[in-house]
Amino acid sequence: MCGIAGLFAGPDVPSHVHTSLVRDAISMRDALTHRGPDDAGLWADHSSLGCVVLAHRRLAVRDTSHAGVQPMRSRNSVIVYNGEIYNQPDVHATFDADSLPDPCDTATVLGAMDINGASALRSFRGMYALAHYELHSHSLTLARDPMGIKPLYWTIIRVEGHDVVAFASEIAGLLAHPNVTRKPDPVTISSYLTTIRTTLGERTLLDGVRTLLPGQTISFRYYGNTLQTQRERIEVDDIVIGVHAVSTEHTFEEAVDLTREAVTRSIHAHLPSDVPICCLLSGGLDSSIIASVLSDRLRQRGTLGSVTSSLATWCAASDEAETDDLVFARTMASHLRTEHHEVIVSRDMFLDQWLSMIRRSCVPLSTPNEIAIAEIARDMRSNGYVVAMSGEGADELFGGYDQPLSIITDAFRRDVDVADDAELDILAWMPTQIKPMLMTESAFEAAEHDANLVLYIRDTVRSARDFAKGKYPGDTACDLRLRAHLEFSTKSNLVGLLQRLDTSLMQHSIEGRTPFADAGISQFASSLSVSDRFHIDTDGVTTKRVLRHGFAGVLPESIVQRSKRSFPLPFREWIASASDVLRESEVVRTWIKPEIVDAISDQPAQHWRLAWPIMNLAIWGERMFGDTGVLERMHSTNTTTVSR
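Residue numbers (our numbering): 1 to 644.
Worth flagging that the hints you see were computed from the coordinates, not collected in a lab.
Misleading hints may appear alongside valid ones.
Claimed, not checked - Cross-link-like lysine to any residue pairs, in silico, SDA-like; alpha carbons within 25 Å at most:
1. LYS564 with GLU261
2. LYS593 with LEU424
3. LYS564 with LEU326
4. LYS564 with ILE344
5. LYS471 with PRO431
6. LYS469 with ASP415
7. LYS564 with LYS469
8. LYS564 with ASN493
9. LYS471 with LEU326
10. LYS183 with ASP163
11. LYS471 with GLU254
12. LYS593 with GLN606
With these hints in hand, go ahead and build the complete structure from the sequences.
Right, here's the structure in full:
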């Protein structure tokens, strides 16, 4: 896991501009030091074709020797790469020794792209964000994995009259370049208030700054001084990795057995590491499955990464009340005999980390859970761990959210289809209907009355419907709509959760691995019938049915039957102590009606759904565009010394 950044310009760039690009690329790279504290690399070239600078911060996880240093160059190209390819031995084996002499992860990606171009990405099972520069054609390709696990951002800036492509693993890396403008995008800001997601398609909260979509490749090339771009998209189903899908005619028992085997194989595939591996353990079904498989592997093989003793697990909770998460996590840790750690988050710790994360990442937070995960990451790192397994993806792929499944099923029982726009109501953090009452008239008009958000939802759901209808022609109309919902949830909710995990863990240089959010598991899960994944009757919804049955007898019964729970932090009460930041924020008053700001400031705990995103915008807005008034006010609410 690493951080990457770079700059790409066309011909006729004078040498002094190239020198400034090198200097600025170093600043961009070092703004990502938390993503790669172990090493720093830089490669630059200036010729008649143009100039390019590729920069890399290294978190050494696999092949920790100097052989894994980046940028890495072949005869034909140079790459900077962030991620892991879990089927790297299989990919490497498809080429002869002369073509790919170096078996390391990055060298395999570089060599495969040299031979097959961007189509090589279709053979990669893993997580990645990369930049691949071809020397002879002076072309740059940016790529992101199809699940959307690793982030990558880009923009086009002007440097002394020249168009320059800038890219980085985080927006903070881009903003380290002085020519990247800090202009808010009103469309995405309004979307954030509704969904608490910091992107809308390719758009980010900053105008002109874009994110690569999951599976997207963008190639840049200059024809004379004209920059041209070409976009392509690789879907999860395009990845060729030989997944053992269930047959069309299968029994539930067969589905259960195959699910257990597929999940176990995926967890094993996510293990290669030369540094210690640990696990997040909330006591829920998904993290408990991962911890159980890891513990079994450690007992069988005697090693897990560089760990040779017991599995280390982590859980978080608040200091104000003992929660179910602690109880269930302790039950599971005792069952597996793990080395269990509990991070107890206090109000002061919460506020400190909240402020620190926005200052460093230059984006508002999506959920309060990010703060707890970041505190866990801090504790993991202080205990010498570098890689952490986490359970993101199981809910979206196996049907873990009961409410939307019930809504869709109940509608079809009444012979009513569920409109595409209904997915926005399911996804929304706050009701869309209140936006005109919440936002100032000028702000809502600048946001185009959320037309872009509605269009994005409709297009994504329509695409999911078409996918389901084309792949499962024998399904009932209700089952097709349920499949479309799961597909939509994977492309929207899961991508947001993966961004949350990356942001939180990388704050403290921890690589997150998600064996459920995996192309192989996604392909396998989609081959299951709807009734395999969940069951709905008059008694309610049995979520993640094949997972529960697949690991029954392996996990304690209380874990197997445990229902979905949100992260247990009393943030509704905690944010009240910092609500005065709203009154201080000129940015917020530009977007939110004054009477709404006053009402939230007076009773933040009562209006917590409004308070959370708006307070995040206040902190972020002052970080981006204003003075330090809000930040100082936020800090002044939290002067107590924090102890663990």
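- Hints violated by the structure (listed by number, smallest first): 5, 7, 9
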